[in-house]
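Participant: If you read the protein sequences in the order shown, they are chains V and F.
Those letters in the first sequence? Residues 787 to 1065, per my numbering, in order.
Those letters in the second sequence? Residues 10 to 312, per my numbering, in order.
None of these hints come from the bench; they were simulated from the model.
Nothing here was measured: the structure is a model prediction, and the numbers come from that model.
For each residue, glycine too, the CB sits at the ideal point set by N, CA and C.
Incorrect hints may have been included.
Stated by the list, open to error - In the SDA-like style, the derived pairs of lysine to any residue whose C-alpha atoms are separated by at most 20 Å in a straight line are:
id, chain 1, residue 1, chain 2, residue 2
1, F, K65, V, Y894
2, F, K65, V, R1062
3, F, K65, V, T881
4, F, K65, V, P889
5, F, K146, F, L128
6, F, K65, F, S54
7, F, K65, V, Y1055
8, F, K65, F, T18
9, F, K65, F, W99
10, F, K146, V, T881
11, F, K146, F, R218
12, F, K146, V, D878
13, F, K65, V, D878
14, F, K146, F, L133
To be verified - Short derived list, chain V residues pointing at chain F, Cβ under 8 Å:
id, residue
15, A808
16, G880
17, A886
18, P889
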Amino acid sequence: MSLWVIAEHTLREAVRRRVVLAAAVVIGGFLALYGVGVWFGYRDIATDPDLTMSMRRVIVGFMLQGGMWSLNFVASLLAIFLAVGSISGEIDQGTMHAVAARPVRRCYIVLGKFLGNLLLLTVFIGVSTAVMIAIVAIITGQYAERAWTAPFAMLFAAAILLAVTIAGSTRLGTLANGVVVFTLYAVALVGGVIEQIGNFLDNPVTFDIGIATSVLLPTRALWDLAGTQLAQQSASTTGMTGGPFSSLNPPSGWMLLVAAVYLALALAYAVRAFQRRDI
Amino acid sequence: MDQAAIHATGLHKSFGETHAVRGVDLSVPRGEVFGFLGPNGAGKSTVVKIILGLVKAGAGDVTVLGHPAGSLAARRQIGFLPETFRFHQWMHASEFLDFHGRLAGLDRDARGRRVPEMLELVGLAQRRRDRLSTFSKGMLQRIGLAQALLAEPPLVVLDEPTSALDPIGRRDVRDIIRALRAAGTTVFLNSHLLSEVEQVCDQVAIINRGRVVAAGDLRQLLAAREVELRLGEGADAALRAAGLQPLAAQPDDCRYTLTASSDEEIARITAHIAGAGVSIYEVQVRSNSLEDLFVRLADSTDQ
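So that you can see chain F by itself, here it is in the shape it has in the complex (with noise of 0.2 Å):
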């Protein structure tokens, strides 16, 4: 059995003249929460859109759960929340999701049960008999969420899921998300939300100019840090003896930066500049954030 719950090889995708995605390769490991990340025009609604087969790849290979991405197969498989959460505003909240449930292929009874467990979990049994064209922005995200989950899909896509909620919201969305993973279900996180995604995700991908430039466990791509040192006389030699290349330097003040995977390392560099004789004066250690990781990224694909 593919383990992946979505596996993407090659993707490439043009509109005329733009090449939106060139080359995306993308591995989801089912049962987690996976963040989908990258700067605006960075190719992450094209790349969706081509997993739910709403789009088709210019080139390469998309599997969901195993079957070819825009199968009916693999659509059986999803449950999406579109970023724009545009629905027919003529409908009432639970007319909608009943429609939803049937272009799912859910039966009678499973609406009947599935519906109102919905619109509880979302907050929003109150107003199931109000036509969406009432709602607010964040009871429309709501309702969109409810839409997603309400045939139990193993893999849930989520564009942009918290963008017009409150603080509240947030944390109920994050609380369901962490839930959906409880329960087994692979969610695909995209989203702009750093600070949520690092709350609640497993794995990450961030993409910029239509290419992965960092995928991975969020835990290992944030553990990589930057050591700051000032240092005494003599440091250039004892670096280069060291056979450390620094990230960036200012030998006038004596500043060196340097990049460490771990605490341990940082150790053995220190005892390298010291057993060389070389005075430590300062040393800084900053822990990388989601934040920047994304922005280094950005910036050093962008140049």
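Isolated chain V (complex conformation) (with noise of 0.2 Å):
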């Protein structure tokens, strides 16, 4: 009950914030240009006499991939931006005192926090992935047949980094907390990058850094799981490639499961040093 409570009041906050509207507004305002760009990109692809079927096909899968990226990266700043104050802040602010003084258990208010944040986050990805591939879909005509079970992945790797984020607002101040799970969101797209040149090379050192990176913050292992269900089957026999946020290697099972672990204990972390903490 207490949990359904303040998973409600953390929905009604970011709607009556104007946080759902912004992120409307500009996701609405992407999603009409990349609408556009596709329109007019594949008008050139489908007249251009070198490309032939199965390259338009990859090419077009690539776009996907590109614009489902931007929508993840959108996702993912949502996640953070979202919960980076969430319990620091709130404390910080003298908010939180009445709240932690009611007969609520400290587990149901992180856990509410999160919930809450995590159906807006459901909402947003949910909505905007779907009017992204249904517009590719439409003006191509091409539909990746496992594309819907990307937005999964996406969503997957957003809880992640709000549990994260809100496992670091139970210690650190605003400012602090956003700094470091940027940080480690940055270091780890970078380090999928490193991975993909390791691979490249076939360099297992570089490979190695690149799969450590994962296990500092799985998300971007995630990315790839998206990615390469929107990216067309044949792509890896053409030697093409989407560019350095493109995936074409899906994770193991293992860095699921890490994935998986990562989430339970960012989140047990968060509901312990909560019900530590004075207030």
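Reassemble the complex: the two chains are provided individually, in unrelated frames, and hints are given to aid placement.
Facilitator: Structure below.
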């Protein structure tokens, strides 16, 4: 009961403070621009006599992947911004005192904030990716069969960022927490590129460094999972690449297990740290 | 059944090298208004937060109506108005109270009844649809009071409940506190406004430097008076012979200050002195105000 009260409160706050409106306006504008870009891009691709049908399909896959990468990036930033001051910010402002003095378990305060923000991210990722996949399918007539699974991987990554940010917020002030989480996210992002380079060069040390950054924060590994669902399966055989943030290699099952454990540990830490904290 | 609404023994709390609370013992009787006083930095807020479970004590025990402080059972018994009265400003007044009602475990019917009642009580019924961001400090303090009383808790902890209110608002809050007492609610009042405490409290505890330096029935604490005497020759010997130890003495001016707990004791002192053949030229009796007591205790424990 209290868990849902806090979750609902968190959702209401995001709506009332116009976070949802701002995100909807920005993403609406982005999707409109993206649609125009795909329209003109596909017109050239479709009329280029040098491209085979298979290559056209791969390029369209990369167009979808690129757009979805942007949505994934925005969802990641949204996860960080929503949660960056969720605990410490409320303690500093004094709004936590009246709430925490109520007969509510502190774990429900933490998990309620997580759940409320996760619901918001679910709507954001669900709607924006559905619109983007539809734009590409309508304009190009192409639909990657497993594209619908990509938003789940993106949501998983956003959930991890959310949990890590809330965990940080139980110990760090808003600014310090933002710096730490965003740096972690950037390291994981760049680490993914290093991993790709290591794979391309067949260099195990470079490859392992990339893997290590994924263990530090497995968001990039989850993007790799989403990306591979979006690209055409024939892409890897053409030798074409969609750029450093594109993905053709899905993470191993072990990495997904690491990500699941990571999420659970981040939430457990957040709960434990807040239970021990003086307010 | 434990008779105390709040019972604390041997409370200690340190923040790093700072010892905020050093062995506080408190007993707040049920159904009374208890004033908790102390200068800035004395440890009042820390003790209040320990009672509410917001801060964990380093050592010692606290029970709230028989339940360990901080437990869900204890928190169900408490309504709390924080000193900062900072609330979620994006909420409407009635929405804010409804949210706290849900956290307190009130069902929909109870919230539907209590929220308008509380808005009416604190004079904000006309502003129920307005966002808290449009409220003045005084209005925020009023809505905070409504939030504290919403679930009809048997113990209400009010941390500086009138700091942002005008004189009419202060009087309203005093009336509310008296009404709570009449209904059997225990009120734990943390306040700097000594005149206010004097008007509504039955019991007080004064804390300084993390220790309780005086506690008890307010009327008994204030009953102690200072008696200033201007006496004739032989006063020193007469006072010594009667076993009276002056609080202050200026023998050159023949002025002596003594303490007495009642009118009868003052009569006995003067009878002793007159009986020893010492002339009494002047007797001034000064009642202790709470402010005098507060300042004297704060000064003496600071030294």
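Participant: Output the numbers, in ascending order, of every earlier hint that fails for this structure.
Facilitator: Checked against the structure, the hints that fail are numbers 9, 11 and 15, while the rest are satisfied.
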